[in-house]
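> One-letter residues, chain by chain:
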Amino acid sequence: MAAVAAKYPAFQELSAEVLAVSVDSIATHREWQEKELSRMIPGGVRFPMLSDPGGVIGKRYGVYDGNAKTDQRGRFIVDPNGMVQSMEITCDALGRNITEVLRQLRALRHKRETGDLMPCGWEPGRPTLPVEDEASRISGEVWKTWKPRNAF
Amino acid sequence: MVVFVGKEAPDFKAEAYHQGSIRNIKLKDYRGRWVVIIFYPADFTCV
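Protein chains in written order, with the working numbering: chain A, 12 to 163; chain B, 26 to 72.
Any given hint could turn out to be false.
To be verified - Heads up, simulated DSS-like pairs for lysine-lysine below, C-alpha to C-alpha not over 27 Å straight-line: (1) B:Lys-38 x B:Lys-51; (2) A:Lys-80 x B:Lys-38; (3) A:Lys-18 x B:Lys-51; (4) A:Lys-70 x B:Lys-51; (5) B:Lys-32 x B:Lys-51; (6) A:Lys-122 x B:Lys-32; (7) B:Lys-53 x B:Lys-32; (8) B:Lys-51 x A:Lys-80; (9) A:Lys-122 x A:Lys-18; (10) B:Lys-53 x A:Lys-18; (11) A:Lys-18 x B:Lys-38; (12) A:Lys-158 x A:Lys-122; (13) B:Lys-53 x A:Lys-70; (14) A:Lys-46 x A:Lys-80; (15) A:Lys-155 x A:Lys-122; (16) B:Lys-38 x B:Lys-53; (17) A:Lys-18 x A:Lys-46; (18) A:Lys-122 x B:Lys-53; (19) B:Lys-32 x A:Lys-158; (20) A:Lys-80 x A:Lys-70; (21) B:Lys-32 x A:Lys-70.
Hints were generated in silico from the structure; no laboratory data involved.
Sequences and hints are given; from them, build the entire structure.
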């Protein structure tokens, strides 16, 4: 969570809000913020930390682990219309890549603004796949314009 | 209920700790903005 907090300004620049959710109580969120997070990041976590007792929200999103009684590490990007555009769930031992979450957010915003398709590994400044090229893509012509090196 | 990409995100209401105070949060209140929902197993963990 500290890593997300460190990059919160980048989320704000993309006019995205972050909502953190765990089964912990408000009191525990407060304690974590005051005792640890605020010492790791200036200002600590500056976005809402939701309390999800019993995993009610987690169950709706398919991330509640009934044995551990916790919400798994799930991440969902929701667009301005309330539609899920991207999701990821990892096991408890695997942390996420916040840079990748920001990349996806930038790509999804670009897609929403332009209608273009966002190819593998797209970053701002790299070529997209205009929708009008759909016919050429299907007919096996995409190799002429898009190279695998564009993905890295 | 199963979440699908391309479908509406399930709505929820919850109490939240936010910069020293307690707020009631509804996902629907964020229509018009991008939202990143981040679930995590527990406070005081750092993976």
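> Are the hints correct? Go through all of them and say.
Hints and how they fare:
A threshold of 27 Å between alpha carbons decides the hint, and for Lys-38 (chain B) with Lys-51 (chain B) the separation of about 4 Å falls inside it, so the pair holds. At most 27 Å may separate the alpha-carbon atoms for a hinted pair to count; Lys-80 (chain A) and Lys-38 (chain B) meet this at roughly 20 Å. With a CA separation close to 23 Å, the supplied pair Lys-18 (chain A) and Lys-51 (chain B) stays within the 27 Å bound. The straight-line distance between the Cα atoms of Lys-70 (chain A) and Lys-51 (chain B) is roughly 16 Å, inside the 27 Å bound, and the hint therefore holds.
Taken as a hint, the Lys-32 (chain B) and Lys-51 (chain B) pair is honoured in the structure, with Cα atoms around 18 Å apart against an allowance of 27 Å. For the given pair, Lys-122 (chain A) sits about 17 Å from Lys-32 (chain B) by alpha-carbon distance, which is consistent with the 27 Å threshold. For the given pair, Lys-53 (chain B) sits about 14 Å from Lys-32 (chain B) by alpha-carbon distance, which is consistent with the 27 Å threshold. Distance hint between Lys-51 (chain B) and Lys-80 (chain A) is fulfilled; the C-alpha atoms sit about 23 Å from each other, no more than 27 Å.
A threshold of 27 Å between alpha carbons decides the hint, and for Lys-122 (chain A) with Lys-18 (chain A) the separation of about 22 Å falls inside it, so the pair holds. Straight-line distance between C-alpha atoms of Lys-53 (chain B) and Lys-18 (chain A) comes to about 24 Å, which keeps the hinted pair within the 27 Å bound. Between the alpha carbons of Lys-18 (chain A) and Lys-38 (chain B) the distance comes to roughly 25 Å, so the proposed pair stays at or under 27 Å and holds. About 20 Å separates the Cα atoms of Lys-158 (chain A) and Lys-122 (chain A), which keeps this hinted pair within 27 Å; it holds.
Straight-line distance between C-alpha atoms of Lys-53 (chain B) and Lys-70 (chain A) comes to about 18 Å, which keeps the hinted pair within the 27 Å bound. As the CA atoms of Lys-46 (chain A) and Lys-80 (chain A) are separated by approximately 24 Å, the hinted pair is consistent with the 27 Å bound. In summary, the hint linking Lys-155 (chain A) to Lys-122 (chain A) is supported, as the alpha carbons are separated by about 22 Å, within the 27 Å threshold. Distance check on the hinted pair: Lys-38 (chain B) and Lys-53 (chain B) sit about 9 Å apart at the alpha-carbon level, within 27 Å; holds.
About 20 Å separates the Cα atoms of Lys-18 (chain A) and Lys-46 (chain A), which keeps this hinted pair within 27 Å; it holds. This hinted pair checks out: Lys-122 (chain A) and Lys-53 (chain B) have alpha carbons roughly 23 Å apart, not beyond 27 Å. At most 27 Å may separate the alpha-carbon atoms for a hinted pair to count; Lys-32 (chain B) and Lys-158 (chain A) exceed this at roughly 32 Å. For a cut-off of 27 Å, the pair hint linking Lys-80 (chain A) to Lys-70 (chain A) stands: about 11 Å separates their Cα positions.
Only pairs whose Cα atoms come within 27 Å are accepted, and Lys-32 (chain B) paired with Lys-70 (chain A) is accepted, the gap being roughly 17 Å.
When held up to the earlier numbered hints, the structure conflicts with hint 19 and nothing else.
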